[in-house]
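Residue numbers (this note's numbering), protein chains in the order written: chain A, 112 to 226; chain B, 29 to 141.
Hints are supplied without guarantee of correctness; some may be wrong.
What follows is a set of in silico ranges between Cβ atoms, one per label pair, in the way DEER data are often shown [to be verified]: (1) Met43(B) / Glu126(A): 44 to 54 Å; (2) Gly164(A) / Gly44(B): 48 to 58 Å; (3) Phe70(B) / Val194(A): 20 to 30 Å; (4) Thr163(A) / Gly44(B): 44 to 54 Å; (5) Glu110(B) / Ser171(A): 33 to 43 Å; (6) Pro226(A) / Pro97(B): 46 to 56 Å; (7) Ser137(A) / Val88(B): 18 to 28 Å.
Calculated pairs, BS3-like style, for lysine-lysine (alpha carbon to alpha carbon, straight line, at most 25 Å) [as the list claims (entries may be wrong)]: (8) Lys64(B) / Lys160(A); (9) Lys64(B) / Lys47(B); (10) Lys99(B) / Lys47(B); (11) Lys50(B) / Lys213(A); (12) Lys69(B) / Lys37(B); (13) Lys80(B) / Lys213(A); (14) Lys160(A) / Lys213(A); (15) Lys133(A) / Lys72(B); (16) Lys99(B) / Lys37(B); (17) Lys37(B) / Lys95(B); (18) Lys37(B) / Lys50(B); (19) Lys68(B) / Lys133(A); (20) Lys68(B) / Lys213(A); (21) Lys213(A) / Lys64(B); (22) Lys72(B) / Lys160(A); (23) Lys50(B) / Lys99(B); (24) Lys180(A) / Lys80(B); (25) Lys133(A) / Lys180(A); (26) Lys99(B) / Lys213(A); (27) Lys68(B) / Lys188(A); (28) Lys47(B) / Lys95(B); (29) Lys69(B) / Lys188(A); (30) Lys213(A) / Lys133(A).
Stretch by stretch, here's where chain B covers chain A in the computed footprint (C-beta under 8 Å, at least three residues) [what the hints assert, rightly or not]: (31) 154 to 163; (32) 195 to 205.
Rather than coming from a laboratory, the hints here were simulated on the basis of the structure. Positions of the beta carbon are idealized from the N, C-alpha and C atoms, including for glycine.
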Amino acid sequence: AQSVAQPEDQVNVAEGNPLTVKCTYSVSGNPYLFWYVQYPNRGLQFLLKYITGDNLVKGSYGFEAEFNKSQTSFHLKKPSALVSDSALYFCAVRGANFGNEKLTFGTGTRLTIIP
Amino acid sequence: DTAVSQTPKYLVTQMGNDKSIKCEQNLGHDTMYWYKQDSKKFLKIMFSYNNKELIINETVPNRFSPKSPDKAHLNLHINSLELGDSAVYFCASSPTRNTGELFFGEGSRLTVL
Numbered sequence: 112a113q114s115v116a117q118p119e120d121q122v123n124v125a126e127g128n129p130l131t132v133k134c135t136y137s138v139s140g141n142p143y144l145f146w147y148v149q150y151p152n153r154g155l156q157f158l159l160k161y162i163t164g165d166n167l168v169k170g171s172y173g174f175e176a177e178f179n180k181s182q183t184s185f186h187l188k189k190p191s192a193l194v195s196d197s198a199l200y201f202c203a204v205r206g207a208n209f210g211n212e213k214l215t216f217g218t219g220t221r222l223t224i225i226p
Numbered sequence: 029d030t031a032v033s034q035t036p037k038y039l040v041t042q043m044g045n046d047k048s049i050k051c052e053q054n055l056g057h058d059t060m061y062w063y064k065q066d067s068k069k070f071l072k073i074m075f076s077y078n079n080k081e082l083i084i085n086e087t088v089p090n091r092f093s094p095k096s097p098d099k100a101h102l103n104l105h106i107n108s109l110e111l112g113d114s115a116v117y118f119c120a121s122s123p124t125r126n127t128g129e130l131f132f133g134e135g136s137r138l139t140v141l
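Construct the entire structure; sequences and hints are all you get.
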């Protein structure tokens, strides 16, 4: 069974500092990896994805994530945090094989950017 | 012009009642989903339809019955509501069944009293 672990429920970062939100995964075969963001009382919004190719993927709002196959990780990063980045972030995984369409989400990490 | 729209946004009802949540997407996507988000924000897939065909059916009580009259609509009917059904239910869609890039609706908050 596939799974995602987000080890930190809460991450606090000072505005202007770099931020990292951690994610590790488990899946059969090659992974498709995703990050989503949820603002209060809203649906999830897609941020970025890794399918294949370059291990560093860039997404919306200046976010990027690095795929590390040996560590089965896909950490979300941003060089300089903004107060508006404060939200709930979800990592998700599915297998690359056809027929494995189920997207499994992590438990979420609440990111708070301190002015 | 909302891409994935759900109605109602809020639903408060008594235990034992039957209720429905409707979802429509105007993105031309083939695949639609229902997710449940509990009070701890844990997100779990319930169902997925691809071109009106059920492709994912997680371990969900059979009181929950999805229905997809066409590929732009996916409704969720819940019979005999229980307290534990209280949650936010999210509808989502994706261009095909093979992408994990989902477009979510704003959610329907169900409260069972």
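Hint-by-hint comparison with the structure:
1. Met43(B) / Glu126(A): 44 to 54 Å: 46 Å, holds
2. Gly164(A) / Gly44(B): 48 to 58 Å: 53 Å, holds
3. Phe70(B) / Val194(A): 20 to 30 Å: 26 Å, holds
4. Thr163(A) / Gly44(B): 44 to 54 Å: About 50 Å separates the Cβ atoms of Thr163(A) and Gly44(B), which means 44 to 54 Å holds.
5. Glu110(B) / Ser171(A): 33 to 43 Å: Roughly 38 Å apart at Cβ, these two residues keep to the hinted range, so it holds.
6. Pro226(A) / Pro97(B): 46 to 56 Å: Since Pro226(A) and Pro97(B) have Cβ atoms about 49 Å apart, the given range 46 to 56 Å holds.
7. Ser137(A) / Val88(B): 18 to 28 Å: At 23 Å between Cβs, range holds.
8. Lys64(B) / Lys160(A): 22 Å, holds
9. Lys64(B) / Lys47(B): 15 Å, holds
10. Lys99(B) / Lys47(B): Holds, at roughly 22 Å.
11. Lys50(B) / Lys213(A): 22 Å, holds
12. Lys69(B) / Lys37(B): Measuring from Cα to Cα gives roughly 17 Å; hence the hint holds.
13. Lys80(B) / Lys213(A): Holds, at roughly 17 Å.
14. Lys160(A) / Lys213(A): Answer holds: Lys160(A) to Lys213(A) is near 15 Å, not above 25 Å.
15. Lys133(A) / Lys72(B): With a Cα-Cα distance of about 20 Å, the restraint between Lys133(A) and Lys72(B) holds, given a limit of 25 Å.
16. Lys99(B) / Lys37(B): 21 Å, holds
17. Lys37(B) / Lys95(B): With a Cα-Cα distance of about 19 Å, the restraint between Lys37(B) and Lys95(B) holds, given a limit of 25 Å.
18. Lys37(B) / Lys50(B): Satisfied, since the Cα-Cα distance of roughly 10 Å is no more than 25 Å.
19. Lys68(B) / Lys133(A): Holds: Lys68(B) and Lys133(A) sit about 19 Å apart, inside 25 Å.
20. Lys68(B) / Lys213(A): With a Cα-Cα distance of about 21 Å, the restraint between Lys68(B) and Lys213(A) holds, given a limit of 25 Å.
21. Lys213(A) / Lys64(B): 14 Å, holds
22. Lys72(B) / Lys160(A): Judged against 25 Å, a Cα distance of about 19 Å means the pair holds.
23. Lys50(B) / Lys99(B): Given pair Lys50(B), Lys99(B) holds - Cα atoms ~13 Å apart, limit 25 Å.
24. Lys180(A) / Lys80(B): 36 Å, violated
25. Lys133(A) / Lys180(A): 14 Å, holds
26. Lys99(B) / Lys213(A): Holds - the C-alpha atoms of Lys213(A) and Lys99(B) are around 18 Å apart, at most 25 Å.
27. Lys68(B) / Lys188(A): 24 Å, holds
28. Lys47(B) / Lys95(B): Holds, at roughly 13 Å.
29. Lys69(B) / Lys188(A): Holds, because 22 Å separates the two Cα atoms, which is no more than 25 Å.
30. Lys213(A) / Lys133(A): The given pair, whose Cα atoms are some 21 Å apart, holds under the 25 Å limit.
31. 154 to 163: With 5 residues in contact (Cβ-Cβ under 8 Å with chain B), the coverage given for the segment 154 to 163 of chain A holds.
32. 195 to 205: That given contact holds, which follows from 4 residues of the segment 195 to 205 of chain A lying within Cβ reach (below 8 Å) of chain B.
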